[in-house]
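Chemist: Chains as they are written, first to last, in our numbering: chain A, 1 to 284; chain B, 1001 to 1468.
Hints were generated in silico from the structure; no laboratory data involved.
Certain hints may be false.
[Said to hold, decoys possible] Computed list of lysine to any residue pairs in SDA-like fashion (alpha-carbon distance at most 20 Å, straight line):
| # | chain 1 | residue 1 | chain 2 | residue 2 |
| --- | --- | --- | --- | --- |
| 1 | B | K1272 | A | E20 |
| 2 | A | K267 | B | V1250 |
| 3 | B | K1272 | A | L272 |
| 4 | B | K1281 | A | S260 |
Read off the chains here:
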Amino acid sequence: MEKYTIVNKRNISDTICEFEIYQPLIASKAKAGQFIILRGEELGERIPVTLVDWDAKKGTIKAIIQAIGKSTLMFNNLKQGDRFLTVAGPLGTALEIKKYGTVAVVGGGVGIAEILPIAKAFKEAGNRIVSILGARTKDLLILEEEMKAVSDVTVVATDDGSYGQKGLVTDALKTLHDAGEKIDAGFIIGPIPMMKFTAKLMKELGIKPFASLNPIMLDGTGMCGCCRVIVDGETKFACVDGPMFEASNIDFDNLMKRTSEYKPEEKQSLELYERDHKCKIGLH
Amino acid sequence: MPNPSLPRQTGTRQSPQERVKNFNEVAQGLDKEHALEEASRCLNCKNPRCQAACPVNVQIPSFIQLLLKDDVKGAVSKIMETSLLPAVCGRVCPQEKYCEGACVLREKFGSVAVGLLERYTADAARKQGLVTPPTPAKATGFKVACVGSGPSSLACAAELKRRGHDVTVYEALHDFGGVLRYGIPSFRLPREIISEEVKTVKAMGVKFEQDVLIGAVISIEELLKDFDAVYIGSGAGLPTMAGVPGENAVGVYSANEFLTRINLVKAYEFPKADTPVKLGKRVIVLGGGNSAMDAARCARRLNPESVTVVYRRSRAEMPAREEEVENAMEEGVKFEFLTIQKEILTNEQGHVIGLKCLKAELGEPDAKGRRRPVPVEGSDFVIEADSIIVAIGQKPNPIIPKNTPGLKMTDRGTLELEADGQSSIKGVFGGGDITRGGATVLLAMKDGLEAAAKISQYLSDKEPKGGK
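Chain B on its own, in the form it takes in the complex:
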């Protein structure tokens, strides 16, 4: 019998004092005993609201029931029927917005900890060698190229392969995973986990090409000569700079640069790793989203005297996950809310010495319903700083749009899609941040999965270019 009144498991975590000294994973997950206990809380609802709320339709009660029978292999296979990256999702999905937010137990007992259970299932299965990549359908003869190897492209590639297509993933960097690799720090998502998930997709027979910048080196038009369809999942890799005087001073990083140094090329291990990263004593992080929290928490681990997040609205309007804000606060990151950057101040060497700011008040809501920050006249003040990390947002990667005549983009620079999933160019599809302009891993995966179905639909009445 389900036992919903048992305390909701939270898993063990590194203490804030300990974790600021390393880049190891903060949340340690559940052991078997606690995982089974948590699984026993699930009511196995007939109409599971959790599953309906999941962007990638993970069959949540079913996998939990299999887990309860200690059938880890069955449980992981059940998850992988709809989501091929369970170890990633179990870690970076904002479950409180989806499955756990919809759980019937939420009000009375606390939601079933679906995220922790998914993670336990994925990790236990991997440790025991029970992850079996799905067997692809009979080869269709169609070739599809997926551009980028972030969550949307990976999900799309795996799903296309499952449907029997011949898939090649193109990545511009030297390692796969896209934003998972360069953006999300190892203390939230260990590098091995990304590599393992990529390995699963490879094991299905998807081909991976690194070091190829599609749009610059090979055009979409050229891809279409070899491939029957193309999926553009090139992400939101264009950083927004500070937009104030001094944005190019020495000591000013974009969040992309700072995080790439840390996450992709492990600069925190310098000089063992060859790429350095340098922060002064007092660090400011501009912005209130997840990238800002990631940057602030990475900065904290490099042990400066202070790390201060400067955000123009109040805590309630922060786009970052609540959990990430709390993590940052626990780790000693300071926050200056209702503060707008005005100018980056520099010394004679061109190095950052501070940030001139204005105080703000909340005004009328904007189009998204968030209250707008209104600067308070004459409230200028200076926060002294030696390094500034600008994490105020990313824009869609412009490389493909710029180099693809006839590819229709919106005013916001995102890729425009028709109802059938195609862009303005026949056979070219897209999804993830290139169409959303900066969303979550899960929505990117959802786009990839849906696009795979649409691509299959598109191909269904065609003949493969390379012949059957």
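One chain only, chain A, in its complex shape:
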């Protein structure tokens, strides 16, 4: 089979797809916490995507993509048998997997997909796993069963209370803590504000926080410096120094501002794409 071929695709929700891609090099090298760069066409963007699973024997890797802009929407319109033009990686620093005792894994939205391999790795290393899954509403909650399978405790929080506890992941964490759950380290993946406030709360509760940062990236190999983030007052490149960082002292506000820089262009690109790809015979 030609490398970069999509061997399997599954819809997790309306906007989230899981891809299984043939890329033996990455499949044989991947470690939890690393990512890949995908590119779909000649003038396409290089999009960083977290590795969620890999199988060295089959030579395949899995990535979960949420369609939020033109590139991710185009990816999700690819079918089984189609090929990506670039599947580069594994990139970034692998997470140090060790025994902390009790590890909290906190995933928000599509971040749940990205926290899953981390939960698995810490479970295998003998940790007790406390999962906190956040979603805006019940329909947007993904991979609950898979998370439950690797967790000792699983708590779901939805913003609107349509499922699990009503409230944010921070509320759920606080409740667990108040109920006497002793957590040693926490790994957080999700929207920036969620990571910011969860890291802050963990620090207050004496839990060592780690967060996986998602700045804009370009080459993903440490060459352009586009993905720089401020950790403990120092400039770091998320693509090689991270993407997971110890999160007691991350400048999340700077990250938020820098990731917003291209929002208007992303919107423009998506609108043009949707306009050009409207069904011509009026079925949509």
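Please arrange chain B on chain A, whose structure you already have, making use of the hints.
Modeler: Relative to chain A, chain B alone:
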């Protein structure tokens, strides 16, 4: 008979007004008539100083004589005996420092325009389908990996292949050419030219692997299990940031990021290309080297109100090629010399609004002989800006050094080599910007060619790992 007193050809160029509206090549080169006229100026010296000055020993008078006989095929083959990237060299080599600087006609009539002739030869040969990749020597059975696909690695790979070795080039990005691809803009070096030169090297039988970051994905140690030798040509891909407060503000780019957006993923064609690039109305480019000129000229083509280069020394000390400074000036780029950045100023949204600077005076020369800028106390002033591109230098790519135990580096972060071309690890060689820390395309190519000879020498008393 040679006719040195004919006027030196300069080739045609897009006018500044025209060229700031596009990313097409500025210099258009020579047509046949003018190329032959220029070739007729060459004295065909017995001891050609031009050739001695060439970092890659192009047989300059010989190829010019062949060109004069209208033997384009012979001329291009002559160049390619020592340099496999003639269309690139004809464009980006600072010939005034090398061949043209050494030409005997320089003082009296003006040097022979060797660069333009090399370019004409390469382009004409390509258009007429006359480029014949050199035939490799009999296969030696040795396998060599070249890390990176920039000028040093490409030159090394081609030369190794010519010597009969089995060569694989590994590139981290999705397209080949290294700094030629992501760093040098298309108005100086069209993308097709890079692709064509890579094609020539491929046609010789060199294998190319894209999307593989050696050092991170495959270690040097692992490469040495499969390959008899490794050449590290991973370049100077680590950007130096501004080093002042505000360096991470929204609207601050490294030159690498800005140029990669433009050159590698064609952001200037957004939304046709998917990757955008955004500049505010007033753009500052920090730095005085070729990257700064490239960034300033790219910025100019995105049509902001102003582009200002801020450089801490004076024009005379600028490391950029004189020609590039002139090009930038013609295109309306402004210059603030003797100006040192102090702080990047931001608004509440964290976006750049200006650059706080200090005026400087030139003091004592530094180790390189360039006069040091000395800040003038109390001379603080602010240049208003919406975007800042930081082009104050690149450092050697740290990925391989960081992940290769036992690989000796200098204090400057460059790869340390022994006299035989080897690094501290047996069978591992290197060259180009990873050893120089940021030099020119030509010096990188020279390193690659020399390393190929040294690698062959190293292999000469060994048995191939994979058997003969």
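Chemist: Against which earlier hints does the structure fall short, listed by number upward?
Modeler: Violated hint: only 1; rest satisfied.
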